[in-house]
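Visitor: Sequence:
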Amino acid sequence: MSKTASKLLFVVVMALCAGCASRYDVIAAMHRGGYDEVLENTENINDFPERDRTLILNYRAQAKLGLGYHLSARDDFLRSWNIMNTGAGGGHAAAYVIAEDNKYYMGDPYERVFNSYYLGLLYYMLNAPEDAMASFTNALFADTGDFKLNEYAADFVPAMVMRTRVYLDRGAKLDAQDQLKALNALPKNERNFDPACPWFNIDDQLNTNTLFFVELGDGPFMTAEGRHGQTRVIHPSRYPEAYAEIYVDGKTLGRTYKVADSFFQAVTRGGRAMDEVLKGKAIAKDVTTVVGAVGVGVGVSMMENGDSTAGAITAGVGALVLLAGLLLNPEADVRSNVLLPGEVHLMQAQLPPGPHDVELRVFDKDGRELRRMRQEGLDLNVPQKGDAVMLLRSQPRYKIPLQEADRLADPYARHKTIR
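As numbered in the working numbering, residues 4 to 422 make up the sequence shown, in order.
Keep in mind that the hints were calculated from the coordinates and are not lab data. None of the values given here were measured: they were computed from a predicted structure. Some clues are possibly wrong.
20 angstroms max Cα-Cα, derived SDA-like pairs, lysine to any residue [claimed, not checked]:
#, residue 1, residue 2
1, Lys388, Gly357
2, Lys368, Asn204
3, Lys106, Glu53
4, Lys402, Met376
5, Lys402, Asn204
6, Lys402, Val385
7, Lys402, Gly37
8, Lys402, Phe144
9, Lys184, Asn204
10, Lys106, Asp50
11, Lys106, Lys388
12, Lys106, Ile205
13, Lys254, Leu383
14, Lys176, Glu193
15, Lys368, Lys184
16, Lys254, Lys106
17, Lys176, Asp390
18, Lys176, Leu209
19, Lys184, Phe144
20, Lys254, Leu373
21, Lys388, Met225
22, Lys106, Ala227
23, Lys368, Leu209
24, Lys402, Asp50
25, Lys368, Lys176
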């Protein structure tokens with residue numbers, strides 16, 4: 004290879020390396036140290052690229068929720084909600100040339116749904132039902148697709164169930180019945196929820212004062228596929244959990260019922276406007292790379308044959324075209340909140356006010372208990388008035404706050420004290 008061609012290649016390689024930045028590997032962090040490590044790693048949001056901070060906030064909120072720091076988790080979910088739902092984002096212009104993941108992370112619809120749902124649950128558990136209602140309503144708003152594209156209307160059942168609970172908390176029975184009517188009008192799609200769930204009627208809702216939301220498995224993940232990674236594909240995670248059984252004070256309440264599926268929520272929306280841009284970038288990348296490489300080759304050949312001026316110009320133009328092609332990055336953005344669960348299950352019950360001992364057992368599709376996921380000795384206190392809500396997860400399991408002070412604690416101050 005000639006010295007001229009070598010220099011041109013060096014410039015191209017250096018340009019390709021410019022701007023490369025590593026992403027926070029939250030899955031690796033979870034494998035190393037679970038929610039504790041994620042909490043520690045994400046203490047300073049400003050340590051992360053601005054474009055990723057909303058995603059990092061969601062990771063941190065999920066870790067705080069998993070560790071039982073409900074007030075602090077609520078604050079992070081609220082902060083990320085404000086960005087994802089009211090912010091304009093940034094980096095869109097750059098995404099037309101360089102990688103799409105240079106845009107600010109704003110979350111897919113299903114991620115915004117879960118964000119609002121968690122926010123609502125935490126408000127409800129912290130005795131702020133009206134703020135909870137606003138959050139559950141926002142979850143359904145984020146879950147509403149484009150009817151012109153034949154997308155699904157709002158069908159996130161947990162938000163509908165909790166809106167019903169808030170209405171009953173207000174004493175608005177007719178509004179609760181209307182919400183249940185809308186829930187029962189949803190397509191009975193078993194991929195989304197179990198149509199046999201017995202609590203979608205006003206009588207059972209009136210005779211409930213305790214709700215268990217049980218999260219099973221891992222949520223969907225995304226890959227960039229195609230010749231240049233221009234196609235974003237959403238995949239379901241594989242996990243053995245199929246349903247759970249709740250025991251209270253040594254007696255079974257029965258099995259849980261699926262009320263949401265994260266993968267179903269992720270894929271029941273139309274394509275993104277960015278998908279067509281990425282296809283165009285992939286085509287342009289192929290064309291400009293070939294044309295540029297030919298230009299460099301012809302220019303170098305001309306210089307070697309004595310036509311140095313014209314050859315240099317031809318090679319230079321070819322190098323610029325080649326560089327433009329190489330720098331054109333059509334790869335799809337595959338950032339997502341991979342800490343979300345695969346499914347949400349529900350158990351409702353009427354329990355005597357006061358303390359109770361809860362046990363969670365998890366089963367596979369063949370009815371075999373996954374013994375390693377059994378959780379015993381979970382404390383539940385049912386109030387004299389209103390609902391008790393317990394949020395559980397098969398793996399990694401959530402810590403249940405023993406006292407109100409634990410819910411309200413500053414997680415970083417608490418962890419530093421413990422260590």
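Visitor: All the hints need checking, so say for each whether the structure fits it.
Guide: Tested hints:
1. Annotation: proposed proximity of Lys388 to Gly357 holds, straight-line Cα distance about 11 angstroms (limit 20 angstroms).
2. About 27 angstroms separates the Cα atoms of Lys368 and Asn204, which puts this hinted pair outside 20 angstroms; it is violated.
3. A threshold of 20 angstroms between alpha carbons decides the hint, and for Lys106 with Glu53 the separation of about 10 angstroms falls inside it, so the pair holds.
4. Under the criterion of a C-alpha separation no larger than 20 angstroms, the hint pairing Lys402 with Met376 is consistent with the structure, at around 13 angstroms.
5. Distance restraint check for Lys402 and Asn204: the Cα-Cα separation of roughly 31 angstroms exceeds the 20 angstroms cut-off, and the hinted pair is therefore not satisfied.
6. As the CA atoms of Lys402 and Val385 are separated by approximately 18 angstroms, the hinted pair is consistent with the 20 angstroms bound.
7. With a C-alpha separation of about 12 angstroms, the suggested pair Lys402 and Gly37 falls inside the 20 angstroms cut-off, and the hint holds.
8. The straight-line distance between the Cα atoms of Lys402 and Phe144 is roughly 30 angstroms, outside the 20 angstroms bound, and the hint therefore fails.
9. With a CA separation close to 8 angstroms, the supplied pair Lys184 and Asn204 stays within the 20 angstroms bound.
10. In summary, the hint linking Lys106 to Asp50 is supported, as the alpha carbons are separated by about 17 angstroms, within the 20 angstroms threshold.
11. A hinted pair counts as satisfied when its Cα atoms are at most 20 angstroms apart, and Lys106 with Lys388 does not qualify at roughly 47 angstroms.
12. Note on Lys106 and Ile205: the hinted pairing is violated, with a Cα-Cα distance of about 45 angstroms set against a maximum of 20 angstroms.
13. Restraint check: the Cα-Cα separation between Lys254 and Leu383 comes to about 14 angstroms, which is no more than 20 angstroms; the hinted pair holds.
14. Among the hinted pairs, Lys176 with Glu193 is inconsistent with the structure: their alpha-carbon atoms are about 28 angstroms apart, more than 20 angstroms.
15. The hinted pair formed by Lys368 and Lys184 fails the criterion: a straight-line CA distance of about 30 angstroms is larger than 20 angstroms.
16. For the hint pairing Lys254 with Lys106, the CA-to-CA distance comes to about 51 angstroms; that exceeds 20 angstroms, so the pair is violated.
17. Only pairs whose Cα atoms come within 20 angstroms are accepted, and Lys176 paired with Asp390 is accepted, the gap being roughly 16 angstroms.
18. A threshold of 20 angstroms between alpha carbons decides the hint, and for Lys176 with Leu209 the separation of about 9 angstroms falls inside it, so the pair holds.
19. For the given pair, Lys184 sits about 18 angstroms from Phe144 by alpha-carbon distance, which is consistent with the 20 angstroms threshold.
20. Using a Cα cut-off of 20 angstroms, the hinted pair Lys254 and Leu373 holds, with the two alpha carbons roughly 19 angstroms apart.
21. Note on Lys388 and Met225: the hinted pairing is violated, with a Cα-Cα distance of about 44 angstroms set against a maximum of 20 angstroms.
22. For a cut-off of 20 angstroms, the pair hint linking Lys106 to Ala227 stands: about 16 angstroms separates their Cα positions.
23. A threshold of 20 angstroms between alpha carbons decides the hint, and for Lys368 with Leu209 the separation of about 31 angstroms lies outside it, so the pair is violated.
24. Restraint check for Lys402 and Asp50: the C-alpha separation of about 27 angstroms exceeds 20 angstroms, so the hint is violated.
25. A C-alpha spacing of about 37 angstroms is found between Lys368 and Lys176, which places the hinted pair above 20 angstroms, so the restraint is violated.
In this structure, the earlier hints numbered 2, 5, 8, 11, 12, 14, 15, 16, 21, 23, 24, 25 are contradicted, and the remaining ones agree with it.
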